[in-house]
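Participant: Whole structure, please, built from the sequences with the hints as guidance.
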Amino acid sequence: MRPRTILFCALIFGLAIAGVAMRSGGILALAAGFCLYLIEAVWSAHQKADLSIQRTLSADRISPGRPVEVRLSVTNNGPALPELYLDDPLPARISLIEGRTFLLTSLAPGQHIEWSYTVEGDRGDFYFGDVTASVSEHTGLFQITKAFETGLRLIVQPLPRHMRHIPIRPPQTRGFAGPIPARQSGTGTDFYTVREYQPGDELRHINWKLSARQEQQLITNVFEQQRIADVGIILDARQPAYAQAGIGNLFEHAVRAAADLAENFLNEGNRVGMLVYGSSIDRAFPGYGKIQRQNILRLLARANPGFNYALEKLDNLPTRFFPSRSQIILISPLLPDDEKVLPHLCAKGYHVLLVSPNPITFETVNQRSEWGDQMAFRIATAERHLQINRLRRSGIVVADWNVQEALDPVLQALMARTPQSGGRRL
Amino acid sequence: MNTRIILIIALIAAVALPFTGFVLEGLWWGIAGTLLAGGLWYLGMRYQRSQFVHLAFAALLGFDTFIMLVQPLVFGLVGGFAALAAWDLNRFYPRLKAFSPPEAARTAEKRHLLRLAVVLGSGLALAGLIQLLQFEFNFVTSFFLSLLALIGVRLIAAALFKSPSLPGEEK
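As you go down the protein sequences, you meet chains R and L in turn. Residues in the first sequence are numbered consecutively from 1, following the numbering used here. Residues in the second sequence are numbered consecutively from 1, following the numbering used here.
Incorrect hints may appear among the rest.
What follows is a set of in silico ranges between Cβ atoms, one per label pair, in the way DEER data are often shown [stated by the list, open to error]:
hint, chain 1, residue 1, chain 2, residue 2, range
1, L, 117, R, 127, 24 to 30 Å
2, L, 110, R, 122, 44 to 50 Å
3, L, 110, R, 93, 38 to 44 Å
4, L, 26, R, 10, 29 to 35 Å
5, L, 117, R, 159, 58 to 64 Å
6, R, 63, L, 49, 40 to 46 Å
Quick caveat, the hints were computed from the structure, so don't treat them as lab data. A quick note: this is a predicted structure, and the numbers were derived from the prediction, not measured. Idealized CB from N, CA, C, for every residue including glycine.
Facilitator: Structure, rendered in structure tokens:
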């Protein structure tokens, strides 16, 4: 029972008792009048709310900052409702930018009403839960509340940015033509090697200058095949890796980098898989095309930093998830123990590119913290450089990424100066 | 707009009637009490504190009850009903402003005021009728009648709250 109702009933009884105790007809008459008000409220109280409520979204997948219109339509299938209060609570981290999430109205039998509001949100997977309907009679003494299931999901996924071609060279490529050098001779555009002319070779491929230096022998230029490859992207979502820099922002940079890289490699026709390694291991199995793009973006929309004792280190990284000798891109700010684990990936035959958002520069730039003592900053930077150098020596290509800069030029510069290892097979 | 005017009039009447009664009786604590209750009600309205309004309503009813014992019934009876009207409209008026669409607000306002007028008019008429009939009960009869009324209202309330409701509903 509502406090208002309790108060009113208590007042009636108080008046009645006072009237009896003081043998005052006037007080009893006042109590009787109040009783009439209560009886009217009881008489018109509703037993149930027979409503049908539907919620629709103008888009179920959006990028951060893009508005979405939420439209609710309500139909009264029961008796007249003099006071109907509908409340549609917003999920956390979704903000209202226009309209209102509640409606107070009256509905005649069979009447239909619609209302809408506009929201926007940060990256995430949001669930719009039940709509609550409260029906009360005129006096507000009696009220029923019912939740109507109208669950809808809104995915705010990162918006991938265009990147230039990243010249990766995984040890193994797939069978279809693509942009990645396959370390095998064949039709292609890049010079690979030379060999003795064989019947059937195109005359325009004969290396005349080299042939002139040979006796009775023609030499043909051989080009390198270009194919698509398997690319596995691992997003490190372990909370301790981001703890220094304030969990939210640096992780957002990492997520955006993962989205950009996935978009880039998928656009080039590669087979891309994604693994989010944090409180659990969430994955998008390797695949191609637009559907895979949606799978990966949905996975990234849900990604959040988390902690799990079992996944505290990268030891439990399920490397079998990615085909052997494929390209692995790990996006991680790095923890001290990671340098022991990552060389194992190279030993297993993977070509590893580590994109490491730099938490030290991020913290000193963004947080303007007291911690930014010069000596401490220098020590932390030196430790990080040592760690990165050790990883580079073990064969891992490392991009030490200051997130204040765009990732694309960092990767281009890195790949341009990184010698691509691997044997040549004719 | 009508609701606001009626609310102000009802509130003034709810305070002024017992106040006048106390002035006529010369009881300074009653004068101060009604003014304080009126002030509390105003504060509750202004800062949207329903507890203040409930407290002021209960206090004004208490003053109405007392004044009915020492002054003509009109002060307490009409003052009590005016307080009830103000208490009802005090809840309804802010909700009316939030009503949507505007046509629904106009209809709801008209319907609510009409119902309130009918109920309060009937209540006043009933109270007047009770006064006219002038039944004579001794204390024991009155006590048992009150007990009967109490049990009756309890039964009605129990029936109301035990009535089957849809899953997820709460009252």
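Participant: Taking the hints in turn, state whether each one holds.
Facilitator: These are the hints, each one checked on the structure:
1. In this structure the hint that residue 117 (chain L) and residue 127 (chain R) lie 24 to 30 Å apart at CB is violated, the actual value being about 47 Å.
2. Our hint of 44 to 50 Å for residue 110 (chain L) and residue 122 (chain R) holds, since their Cβ atoms are close to 45 Å apart.
3. Our hint of 38 to 44 Å for residue 110 (chain L) and residue 93 (chain R) holds, since their Cβ atoms are close to 42 Å apart.
4. For the pair residue 26 (chain L) and residue 10 (chain R), the supplied restraint of 29 to 35 Å holds, since their beta-carbon distance comes to about 31 Å.
5. Between residue 117 (chain L) and residue 159 (chain R) the Cβ separation comes to about 59 Å, which falls inside the hinted range of 58 to 64 Å.
6. Take residue 63 (chain R) and residue 49 (chain L): their Cβ atoms lie about 43 Å apart, and the range 40 to 46 Å holds.
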